[in-house]
Amino acid sequence: MFEFCLPAILGGKCIPSAALFGQLLIGLINGSFYALLSLGLAVIFGMLNIINFAHGAQYMLGAFTAYLLLQLTGLGYWPALVIAPIVVGITGIIVERTMLQWLYKLDHLYGLLLTFGIALILEGVVRNKYGSAGLPYTLPDSLRGGQNLGFMFLPNYRAWVIGASLVVCFGTWFIIERTRLGAYLRAATENPTLVRAFGINVPRMITLTYGFGVALAAFAGVMAAPIYNVSPQMGSELIIVVFAVVVIGGMGSILGAIFTGFGLGVIEGLTKVFFPEASNTVIFVIMAIVLLVRPAGLFGRRA
Amino acid sequence: MEPAAIEQKDESAPAIRAGGVPVAFAIMLALIAAAPFVTYPLFVMQVLCFALFACAFNLLIGYVGLLSFGHALYFGWASYVCAHTAKVWGLPPELAILTGAAFACGCGIVAGSLAIRRQGIYFAMITLALAQMMYFFALQAKFTGGEDGIQGVPRGKMFGVLDLGNELVMYYVTAAIFLTGFLLIYRIIHSPFGEVLKAIRENEARAISLGYKTDRYKLMAFVLSATLAGVAGATKAIVLQQASLTDVNWPMSGEVVLIALLGGLGTLFGPVLGALIILAMQYKLSSFGEWVLVAQGAIFVLCVLLFRRGIVGEIANFFRIRL
Chain H
8 MFEFCLPAIL GGKCIPSAAL FGQLLIGLIN GSFYALLSLG LAVIFGMLNI INFAHGAQYM
68 LGAFTAYLLL QLTGLGYWPA LVIAPIVVGI TGIIVERTML QWLYKLDHLY GLLLTFGIAL
128 ILEGVVRNKY GSAGLPYTLP DSLRGGQNLG FMFLPNYRAW VIGASLVVCF GTWFIIERTR
188 LGAYLRAATE NPTLVRAFGI NVPRMITLTY GFGVALAAFA GVMAAPIYNV SPQMGSELII
248 VVFAVVVIGG MGSILGAIFT GFGLGVIEGL TKVFFPEASN TVIFVIMAIV LLVRPAGLFG
308 RRA
Chain X
12 MEPAAIEQKD ESAPAIRAGG VPVAFAIMLA LIAAAPFVTY PLFVMQVLCF ALFACAFNLL
72 IGYVGLLSFG HALYFGWASY VCAHTAKVWG LPPELAILTG AAFACGCGIV AGSLAIRRQG
132 IYFAMITLAL AQMMYFFALQ AKFTGGEDGI QGVPRGKMFG VLDLGNELVM YYVTAAIFLT
192 GFLLIYRIIH SPFGEVLKAI RENEARAISL GYKTDRYKLM AFVLSATLAG VAGATKAIVL
252 QQASLTDVNW PMSGEVVLIA LLGGLGTLFG PVLGALIILA MQYKLSSFGE WVLVAQGAIF
312 VLCVLLFRRG IVGEIANFFR IRL
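So the sequence lines, in the order shown, correspond to chains H and X.
Letter 131 of the first sequence, counting from 1, is numbered 138 in the numbering used here, and no numbers are missing.
Letter 286 of the second sequence, counting from 1, is numbered 297 in the numbering used here, and no numbers are missing.
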């Protein structure tokens, strides 16, 4: 066992390595969720020009769908990981078709206000039904246990969450930046009228993009269910942090969103080790510093 | 990119008639004077505090086009500072309220100068994030009392003569504070300074090209709005004799957006009517648990989809007057 010490200027606090790596791991887990959610926000913003305030509520809905599948039908974690994103994604598509599509010509702020309203409705309905206490979601048997890496103990489930979110994040990046479908998407972001003139159904593409972004949030929600308790307010607390992440990274770059999400998760984890009282606020402080130094965000371009 | 502005005007509309504001103001004045004899003064005082809060918020969104999603910071923190100075330091109520407002003003300077570095949607997210940061400070700080808040704040004697322990005296003092704030906002909007703000809302690039340092104007408007929100929060602490975490948390920021949106963004009287309706709704629905949240969300959705001008905005549009 060895210890890590901060330089004297930062207080010189010493921490055993196991605690340090443990918090680093938690940081990476939180970072996975920041990355998945800010990625979804960026994809939706790119296509719809709307900041999806309901993103946190849809993440919560994903976790609740997994919980309900287990309680009502006995379907476990693996089916839920597929079914919940599809179900929540479909509700997203319905929201886009019935409400959001009327707002594209208006100021961006109306999209924010509308999705905020949707978030309140979703959270309120779930709270009425299940109260605001957290509900436990049991781990799938196949992911119990863990590996002893010598310097720390790595639970299998946490390794799976980090691996799966990395795959999903880079998969999304690959689709958008490297495939033909992604090229259509990027073109439609730049100039929807021209892309429509080429015979591509842009409105349908917008609808599916929103559905996909929402499904990403629900996917993150299912993965979060066994780690955190499933509770109605799990999304609203997270989404504000994710907003700060998005301000830091800027929404112009997919890779930027992924990198910023994981990076800030790790920084938050490290802060929890050395300055526990600052762990809630560190991301907001970083946001303030970034705004002072690089107002457009780390990966943003000046409008 | 087009600057973020919430548009209220109908370009093709016939000329707007004068006279709406004095009539509406007279009605409001009469209602405020009579209200404590018709309904609970405590309820009306709360409405007045929230009305001033929403008017301050509306100054920013309605006349500069900046959507702050973090106004709970100024409202809630001013409330804490006022409650603390009145209870622990033993300041008289007028000084406690001023201290609270001064603190909100300081927060507004810091948060405002950070937030105006980005436009539109980012502005909203930054203000929300900064407010959340200050919420965590309120949660952890010793003097705020954490989850319990600050209870039993003395109302004291205003200027040493007005005994605020008397419900009716408290009521008219609150009404006077509200009316002062309301008239100040009216004055700001109709001053040359206010005209520049509206120019920034309509077309910031053009305002810059005319030689206005728009960042300074935006910051000034932000600080004024934050300070007035602070006055509202501090007054509420004296009225209810307590300060709590609810007032600094993000749902409060959402609530003030809702109040202004329902009443009518960019209208003078909208936030006042909005505050009355939303608080009455909360009062009526208080026994139905979380359905308040659902109702608030539904009002958001309906307002955005069906009547973006808000109630007062629709009335003003119908009668071709300015309200």
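Please note that the accuracy of each hint is not assured.
[What the hints assert, rightly or not] With a straight-line Cα cutoff of 27 Å, these simulated DSS-like cross-link-like pairs (lysine-lysine) come out:
hint, chain 1, residue 1, chain 2, residue 2
1, X, LYS209, H, LYS112
2, X, LYS209, X, LYS224
3, H, LYS20, X, LYS295
4, H, LYS136, X, LYS295
[What the hints assert, rightly or not] Distance ranges between label pairs, derived from CB positions:
hint, chain 1, residue 1, chain 2, residue 2, range
5, X, SER297, H, CYS12, 31 to 41 Å
6, X, ARG227, H, LEU305, 25 to 35 Å
7, X, ALA113, H, THR80, 56 to 66 Å
8, X, PRO262, H, ALA140, 46 to 56 Å
9, X, LEU53, H, CYS12, 27 to 37 Å
10, X, GLY222, H, ARG185, 42 to 52 Å
Just so you know, the hints here were simulated from the structure itself, not pulled from any lab data.
From the three backbone atoms N, C-alpha and C, an ideal C-beta is built for every residue, glycine too.
The hints, checked one at a time:
1. Between the alpha carbons of LYS209 of chain X and LYS112 of chain H the distance comes to roughly 22 Å, so the proposed pair stays at or under 27 Å and holds.
2. Between LYS209 of chain X and LYS224 of chain X, the direct Cα distance comes to roughly 14 Å. Compliance with the 27 Å bound is thereby established for this hinted pair.
3. A hinted pair counts as satisfied when its Cα atoms are at most 27 Å apart, and LYS20 of chain H with LYS295 of chain X does not qualify at roughly 54 Å.
4. Proximity of LYS136 of chain H to LYS295 of chain X is assessed by CA-CA distance (about 20 Å); at most 27 Å being required, the pair is judged to hold.
5. For the pair SER297 of chain X and CYS12 of chain H, the supplied restraint of 31 to 41 Å is violated, since their beta-carbon distance comes to about 54 Å.
6. Here the CB-CB span from ARG227 of chain X to LEU305 of chain H is close to 27 Å, well matched to the stated 25 to 35 Å.
7. Checking the proposed 56 to 66 Å range against ALA113 of chain X and THR80 of chain H shows it holds: the Cβ atoms sit about 58 Å from each other.
8. For PRO262 of chain X paired with ALA140 of chain H, a C-beta distance near 18 Å fails the hint of 46 to 56 Å.
9. Look at LEU53 of chain X against CYS12 of chain H: about 57 Å separates their beta carbons, and that is not inside 27 to 37 Å.
10. Separation of GLY222 of chain X from ARG185 of chain H is about 47 Å and conforms to the stated range, judged on CB atoms against 42 to 52 Å.
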